[in-house]
Amino acid sequence: MSDVAVQSLKSVLDQYELGGFFDEMFSAPHQPHSHYQTLYGQLSDLNPQSFDERRRAADASFLYQGITFTVYGDNDDGIERIFPFDLIPRIIPHREWAVIEKGLVQRVTALNQFLWDIYHDQRIIREKRIPAELVFGAKHYRREMIGLNVPQQIYSHIIGSDLIRDDHGNYLVLEDNLRSPSGVSYMLENRQAMKRTFARMFARYGVRAIDHYPQELLNTLRSVAPHHEADPNVVLLTPGIYNSAYFEHSFLARQMGIEIVEGRDLVVHDNKVFTRTVRGLKQVDVIYRRIDDEFLDPLGFRPDSALGVAGLLNAYRAGNVTLANAIGTGVADDKAVYAYVPDMIRFYLDEEPILQNVPTYLGLRDDDRQYMLEHLDRLVVKSVNESGGYGMLIGPHATHAEREKFYDMIVANPRNFIAQPVISLSRHPTYFDGEIHGCHVDLRPYILCGEKITLVPGGLTRVALKRGSLVVNSSQGGGSKDTWVLQE
Amino acid sequence: MRLQIEHTTKFEYDMPITEAYTEVRMRPLNDSSQRCQSFELVTAPDLNEFRYTDRFGNDVRFFDLISPHQALILTAISEVHTPASYFLPQPDLSPLDLHDYLMASPLVPLGPALNAFGQSHKIVSETGEIDVRATASALMTATYHALKYESGLTDVSTKADQALALGGGVCQDFTHVMLAACRSVGISSRYVSGYLYVELNNRQPNDPDPDLATHAWVDVYLPNAGWISLDPTHNCEQSERHIRLAVGRDYTDVPPTRGVYKGNAKEQMKVRVRVFK
Numbered sequence: 001m002s003d004v005a006v007q008s009l010k011s012v013l014d015q016y017e018l019g020g021f022f023d024e025m026f027s028a029p030h031q032p033h034s035h036y037q038t039l040y041g042q043l044s045d046l047n048p049q050s051f052d053e054r055r056r057a058a059d060a061s062f063l064y065q066g067i068t069f070t071v072y073g074d075n076d077d078g079i080e081r082i083f084p085f086d087l088i089p090r091i092i093p094h095r096e097w098a099v100i101e102k103g104l105v106q107r108v109t110a111l112n113q114f115l116w117d118i119y120h121d122q123r124i125i126r127e128k129r130i131p132a133e134l135v136f137g138a139k140h141y142r143r144e145m146i147g148l149n150v151p152q153q154i155y156s157h158i159i160g161s162d163l164i165r166d167d168h169g170n171y172l173v174l175e176d177n178l179r180s181p182s183g184v185s186y187m188l189e190n191r192q193a194m195k196r197t198f199a200r201m202f203a204r205y206g207v208r209a210i211d212h213y214p215q216e217l218l219n220t221l222r223s224v225a226p227h228h229e230a231d232p233n234v235v236l237l238t239p240g241i242y243n244s245a246y247f248e249h250s251f252l253a254r255q256m257g258i259e260i261v262e263g264r265d266l267v268v269h270d271n272k273v274f275t276r277t278v279r280g281l282k283q284v285d286v287i288y289r290r291i292d293d294e295f296l297d298p299l300g301f302r303p304d305s306a307l308g309v310a311g312l313l314n315a316y317r318a319g320n321v322t323l324a325n326a327i328g329t330g331v332a333d334d335k336a337v338y339a340y341v342p343d344m345i346r347f348y349l350d351e352e353p354i355l356q357n358v359p360t361y362l363g364l365r366d367d368d369r370q371y372m373l374e375h376l377d378r379l380v381v382k383s384v385n386e387s388g389g390y391g392m393l394i395g396p397h398a399t400h401a402e403r404e405k406f407y408d409m410i411v412a413n414p415r416n417f418i419a420q421p422v423i424s425l426s427r428h429p430t431y432f433d434g435e436i437h438g439c440h441v442d443l444r445p446y447i448l449c450g451e452k453i454t455l456v457p458g459g460l461t462r463v464a465l466k467r468g469s470l471v472v473n474s475s476q477g478g479g480s481k482d483t484w485v486l487q488e
Numbered sequence: 001m002r003l004q005i006e007h008t009t010k011f012e013y014d015m016p017i018t019e020a021y022t023e024v025r026m027r028p029l030n031d032s033s034q035r036c037q038s039f040e041l042v043t044a045p046d047l048n049e050f051r052y053t054d055r056f057g058n059d060v061r062f063f064d065l066i067s068p069h070q071a072l073i074l075t076a077i078s079e080v081h082t083p084a085s086y087f088l089p090q091p092d093l094s095p096l097d098l099h100d101y102l103m104a105s106p107l108v109p110l111g112p113a114l115n116a117f118g119q120s121h122k123i124v125s126e127t128g129e130i131d132v133r134a135t136a137s138a139l140m141t142a143t144y145h146a147l148k149y150e151s152g153l154t155d156v157s158t159k160a161d162q163a164l165a166l167g168g169g170v171c172q173d174f175t176h177v178m179l180a181a182c183r184s185v186g187i188s189s190r191y192v193s194g195y196l197y198v199e200l201n202n203r204q205p206n207d208p209d210p211d212l213a214t215h216a217w218v219d220v221y222l223p224n225a226g227w228i229s230l231d232p233t234h235n236c237e238q239s240e241r242h243i244r245l246a247v248g249r250d251y252t253d254v255p256p257t258r259g260v261y262k263g264n265a266k267e268q269m270k271v272r273v274r275v276f277k
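One line per chain: the protein sequences are A and B, in this order.
With this note's numbering, letter number 41 in the first sequence gets 41, and the count goes up by one each step, no holes.
With this note's numbering, letter number 109 in the second sequence gets 109, and the count goes up by one each step, no holes.
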């Protein structure tokens, strides 16, 4: 036997450095957490060549299926890439997941009540629990939604909250995505890839299934149909094939067995929405829309929008069609409004938050702003309406000139900025360039709110593939892992 | 005063269009002071009409016309009873109204020139607080003198700061400038769109064309009390000749018609508004 043949992945794992971060797999060098013990043993027995072969096979299948996303740079030319997939799964023990699940159900319940409130009684503002200008000045606050009633008072039906873990392993909510959270198709495809690649390892762990997500999503959408329609017609509305998430749109429509449509395929007549079919018009009851609010209806919003459906807002107002998610949910995605979610939980539910926020300084508050401006070198500064890792300053890694630029922007428009301490995100062993590195990870569970609130166990674990990078967004060079929630 | 209004809008296209969607705000407001006694909207061709009340309390009618067409005619006929002097009691505003009627809106930016214009006419009482009624009245008069009534100088998308710089415009511009001035000094105020009854043999300066009697003016909020209504184009309070149609932050919230359609045709819109006693 040659040296190469006897070498196992164990020697690679043994060189793994914890680097002072909370590690998902190891409590100390060579000492995996108990729920990783089996995985550690099996990985150790593999030889690197065999691991590499499996990895290449998985990559090829992603490319073959066209599971790609588009990255936008400064020049606005989209580049299509495959979303890198790492074969080492992230494992969450049952007791941790139980807390996450409870915490997220609590959170989305409060958020939906907040959305109803700010478009109706505005009680939280009258009682001065959140500043009026923060809500009414938010870019995505939609005045068209005032007084409009949505089925079961649910605004956000599909939510993808981003969780991170600090250096003690506490789960913190980094942001709530209440508009059109994407990535769930990667979650489902990652699981398929893992099942193909490590069938035996799967069998040894009691991993909870996630494959029923499309059915749960369809159940959720059907449960919010207008007038309790017995067999509602649900469609998915996409901006079209040039959208970066088009793969996911077509994937989900196919999995749910529903029609995928573009704006031009729909028409409003007599305040009802129809699809044009070869046999004439067919009424639509629920639209799972992946188009931004202001492009939905050229009559109600931007007249220059060619993506939307004229008259849709009025049909929606009349209760003849349900939109998921509702119009105007983005106000709660505003990063300054986010800071008030724990207060919303106390205000609407009279409970203490189960999951904590990342400590947040608001440009709007004088003391906070002062602190922000004096500590730009230590803080992460974010523009309140940007997502995907754009429009942000990571103080410790920024140049003097970059910090100066943000200083001026904050002074000019304080409401538009928040700052957070740099959280040393937890890390997870991740294989690339022939080695196993500790890479920062987050977790995006998907929460479905219909007649009931459901989560499939786990979510999308995103991983920062650049050495030392804290940004896990797919648009910023991130990859992903399968996420295993274990049975009790 | 009992008044009748006939408001005709004719849309014509040089080529057939399809999928036309139109929203109409033409029903006079019915409140504790002005009474709308009847309202009828007739469309040619005959279309199914739907309605809702928008967040400002305005009545909105809408309809679609999917099939190819080259013309659409709307005729609104209403009858109102206007009070000799107007006051609308409203002890408090919702948090959103409190916010919006003090803030900049699409056609009412709050720049330095408008702010200076507002501040220079602010009237403060002996206790140091702003006298809302006196200041609003002073701003109405100041706006009346700052602008010269001149049609063709501005259009429906002209903003308050542009109108002030031009030194002229029509009722919409007078209204936007006064709104900006009021909001700059912390007075909640809103846009009123409506009609003005002009006696044919007694047409005053700044009166609209009797064949196009649409008008606009300003509602000013007196805290804990309600709305008074001031007309900066005529430097007077809302009179029995003023008919209220809709209110909003500025003109963009209350256009009498708003629509979209599919097709590459050129649109021509002809409007005629007549008010009879």
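Hints are supplied without guarantee of correctness; some may be wrong.
[Stated by the list, open to error] Among the chain B residues that face chain A by a calculated CB cut under 7 Å, a handful are:
| no. | residue |
| --- | --- |
| 1 | 50 |
| 2 | 52 |
| 3 | 55 |
| 4 | 70 |
| 5 | 71 |
| 6 | 96 |
| 7 | 97 |
| 8 | 102 |
| 9 | 264 |
[Said to hold, decoys possible] Cut-off 27 Å, straight-line C-alpha distance, at most; resulting in silico cross-link-like pairs (DSSO-like, lysine-lysine):
| no. | chain 1 | residue 1 | chain 2 | residue 2 |
| --- | --- | --- | --- | --- |
| 10 | A | 282 | B | 10 |
| 11 | B | 148 | A | 272 |
| 12 | A | 272 | B | 262 |
| 13 | A | 102 | A | 405 |
These are calculated hints, taken from the structure and not from any lab test.
Even glycine gets a Cβ: it sits at the ideal position worked out from N, Cα and C.
To see whether the hints hold, each was checked on the structure:
1. 50: holds, 5 Å
2. 52: Hint on residue 52 of chain B: holds, closest Cβ of chain A at ~6 Å, below 7 Å.
3. 55: holds, 4 Å
4. 70: Nearest chain A Cβ about 19 Å off; hint violated.
5. 71: violated, 19 Å
6. 96: holds, 6 Å
7. 97: At 10 Å from the nearest chain A Cβ, residue 97 of chain B fails the 7 Å test, so the hint is violated.
8. 102: violated, 10 Å
9. 264: Hint violated; residue 264 of chain B Cβ to chain A Cβ min 13 Å, cut 7 Å.
10. A:282 <-> B:10: violated, 32 Å
11. B:148 <-> A:272: This hinted pair is violated, its Cα atoms lying about 47 Å apart.
12. A:272 <-> B:262: Holds, at roughly 18 Å.
13. A:102 <-> A:405: violated, 41 Å
Checked against the numbered hints listed earlier, the structure breaks hints 4, 5, 7, 8, 9, 10, 11 and 13; every other hint is satisfied.
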